[in-house]
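Colleague: Since the structure of chain A is already known, use the hints to place chain B on it.
Now for the letters of each chain:
Protein chains: 2
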Amino acid sequence: MTEKPIQLGLIGLGTVGSGVYETLCRNHALLEARCKIPFLVKKIAVSDLSKKRDTEVPAELLTDDWHDVVNDPEIDIIIELIGGTKTAYDIVTSALRAGKPVVTGNKALLAEFGSEIFKLSSEKGTPIYFEASAGGGIPIIQSLQTSLICNHIDSIVGIINGTSNYILSAMGEGGADYADALQKAQELGFAELDPTLDVNGWDAAHKALILATLAYGTTISPDKIFVQGIENITSKDFNFAKKLGYTIKLLVIIRLHKDSGKLELRVQPSFVHDWHILASVNGVFNAIAVTGDIVGETLFYGRGAGKNPTASAVISDVITAMRERLHPEYHTGFLPYAQPYGIMDINETISSYYVRFQVADQPGVIAEIAHILATFGIGISATSSAQGVSDCNGIIWNDLVFMLHACEWGQLQLALQETAQSQFVAPNPCVLRIEHLLPKA
Amino acid sequence: MTEKPIQLGLIGLGTVGSGVYETLCRNHALLEARCKIPFLVKKIAVSDLSKKRDTEVPAELLTDDWHDVVNDPEIDIIIELIGGTKTAYDIVTSALRAGKPVVTGNKALLAEFGSEIFKLSSEKGTPIYFEASAGGGIPIIQSLQTSLICNHIDSIVGIINGTSNYILSAMGEGGADYADALQKAQELGFAELDPTLDVNGWDAAHKALILATLAYGTTISPDKIFVQGIENITSKDFNFAKKLGYTIKLLVIIRLHKDSGKLELRVQPSFVHDWHILASVNGVFNAIAVTGDIVGETLFYGRGAGKNPTASAVISDVITAMRERLHPEYHTGFLPYAQPYGIMDINETISSYYVRFQVADQPGVIAEIAHILATFGIGISATSSAQGVSDCNGIIWNDLVFMLHACEWGQLQLALQETAQSQFVAPNPCVLRIEHLLPKA
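If you're matching them up, the sequences are chains A and B in order.
Under our numbering, read the first sequence as residues 1 to 441, first letter to last.
Under our numbering, read the second sequence as residues 1 to 441, first letter to last.
Next up, chain A with everything else stripped away, as it sits in the complex (with noise of 0.2 angstroms):
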């Protein structure tokens, strides 16, 4: 055992930091006997030093200014928990100039300034350590960066947003409405008031821009990454869905096309079948399935979110920080096997699809469709409708949904771009894709 302790710098204690905060005490003893590092927290930094908090910390320990812990000699490793990308930047980027090994679950700032961060990292020789970014409690980075180091990397399929799971979970399960289903999220505590950023599907965007420059060796601007949200899906769509042997994920695909050299990048809910692993993935737990060239398909599970899982993970970086500044040769840093892969137009993407009209009681109404489908060359291979009720002026709008078989996803905006020009056919029809997961055993 080292004789002195590795000082700790805590900013933020929000649900995560406090997270990080109870669990360093309350399991000090097991995690000293396991790293074999005696360590202690010496400052924290918060908002509000008159706040009442559910976390009993010594009054000593508290500053409400981040400086004062960055700035501490004695403090050798900042973990940086306070979310948001303008002061954590100044934090992290001071921190690393100042030497000082940095934790983050920070992935709007990963997302946004990563490739700057990255470099400062490298150039300063000063680690970041990120395993909370892109799944909560998932060890999802160190898999990719250590246990599944001899891969190329084929593609990372996840569900990795818990709120947007928990909705659709509750969509699919007790058939409830959309609206409903938020609401119930947010009273249980697995929505934010403001819950944009977890149903536009832009909190799995970040988290995926992380796990493909992991993957891929390289950053990715977030203007590359195509996101559709969850919030135009109803519960019709779980009715059709199920009938049909499937259930409705929000996925995010990150695919390598090796013929092209190109990456696919996206997040869009998604017919999976009923029989994926993927579809067993309920509620606000998350899932990554990963697929390499030599390990063949693999998938991490667990909480994505929350106070204590996402603190299983800052430690485990926090012990990794804690190992390396003792042995600083030991790091590597971020996995440098960068291929000039292109990113893949959302155009150009293929798959087959579910898409679900509404369209006038009347005559003629699926001939003209399907032959504006057959006129692009889209194939359909089923299809299924449910009656509607009548608007104002006494035309029935009833639910028409057609299977479609493997096209571009450009060449169906075209079609739909012309179904939409009928009066019969009401605009913005629900286009799901469906992913065909592999395996089946």
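Please keep in mind that the hints were generated in silico from the structure rather than gathered at the bench.
The reader is advised that the hints may include incorrect statements.
Because identical chains cannot be distinguished in the list, a pair is counted as satisfied if it fits within a single copy or across any two copies.
[Unchecked claim] Here are the simulated DSBU-like pairs of lysine-lysine, each with C-alpha atoms no more than 30 angstroms apart in a straight line:
#	residue 1	residue 2
1	124	42
2	124	36
3	262	307
4	124	4
5	119	86
6	184	243
7	258	307
8	36	262
9	86	124
10	119	258
11	36	258
12	52	307
Keep in mind that this is a model prediction, so the values were computed, not measured.
Modeller: This is chain B only, laid out in the frame that chain A set:
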């Protein structure tokens, strides 16, 4: 990049050994870029030099004496992949004594001699790595050692034998008989010609002992684990399971009972709710669910055996071994958080049960069994039955299923000894535990 390459010695060029050699060659550029350490395979020991191989290996690398590898002063790291426990024991202990770090995937060796080998490794300050010993390509060892380091482990529940899971999946999905499913598994190379250790549960038990050792910081002798195989399960049991909303899986259960301070440690075929994520683990896939006090429920899924998946795990160890060879002080070794946990007697373990009796179609038989169960304080939650066929004496033997409320295993065994006395009840009913696994969502 270090100047002098690390030199590896490979012992064994069977399925996994050839996968390791091929991957080290094929993905050499990627590996050196990622780990920043040059390396080469210096020597490979095989049992028969004249054997034709699918893997192309320069003849000058080969030797048929493993001592040539261990004793080569230029070889830094020994990779033991011959399987079995006799020669493997000599190889591993010789290498450790010679101060050469060892990478192995030999679960039988570690289950039987782990205590001695870990002690030797610790005394010599020479690490041993064994990621491939308990889940093929699934990075469970590293996850327990580092990612989940801040967690007290509450339980580990897993499907960790691919052969038996393939057989059970074929019986569950396709309605195959046990014998047919086993034959199919053998034809496809998923089962050995002698499948004993796979179907009788002992391969899973070896892996369970390694996982328990890591999770609880102490080695456990193989005679402490209760092991039941899948040989007596029939397609009838799958029919009943399906009707009742379950499937059947061979589960490893490692669970700490905090009240008694005892570890439940067993391998048993069990009913699993069909909505649980473990029910979706089919074919040769494995999955290991780990619950920690901080991270909550996690699950790790992937190919639990086979050439390349296992090679992926072996190579992740090789890379760690190389990094720690260059920075030996970094190595922490076996997690030392041993608590004086006793092992729970199987008779004390409690669960609900599925019991399928074969009973003569006679008035009073159901009453008789129900009465005996009641005498032992065992409640019945549901019953189901299926018409059988008559034997040579013209007696019709029906399948009679009782779903039993939770009781001690020992109590149930006493009751079953009593029912076996009846001339109208066939001996050896099929008893399967019902595992109420969390979480539903």
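Colleague: Would you mind marking each hint as holding or not holding in the structure?
Modeller: So, going through the hints one by one against the coordinates:
no.: 1; hint: 124 <-> 42; in the structure: within (24 angstroms within a copy, 36 angstroms between copies)
no.: 2; hint: 124 <-> 36; in the structure: both (27 angstroms within a copy, 18 angstroms between copies)
no.: 3; hint: 262 <-> 307; in the structure: between (37 angstroms within a copy, 29 angstroms between copies)
no.: 4; hint: 124 <-> 4; in the structure: both (24 angstroms within a copy, 26 angstroms between copies)
no.: 5; hint: 119 <-> 86; in the structure: within (18 angstroms within a copy, 51 angstroms between copies)
no.: 6; hint: 184 <-> 243; in the structure: within (26 angstroms within a copy, 32 angstroms between copies)
no.: 7; hint: 258 <-> 307; in the structure: between (39 angstroms within a copy, 23 angstroms between copies)
no.: 8; hint: 36 <-> 262; in the structure: between (45 angstroms within a copy, 26 angstroms between copies)
no.: 9; hint: 86 <-> 124; in the structure: within (21 angstroms within a copy, 50 angstroms between copies)
no.: 10; hint: 119 <-> 258; in the structure: within (28 angstroms within a copy, 47 angstroms between copies)
no.: 11; hint: 36 <-> 258; in the structure: between (45 angstroms within a copy, 25 angstroms between copies)
no.: 12; hint: 52 <-> 307; in the structure: within (18 angstroms within a copy, 57 angstroms between copies)
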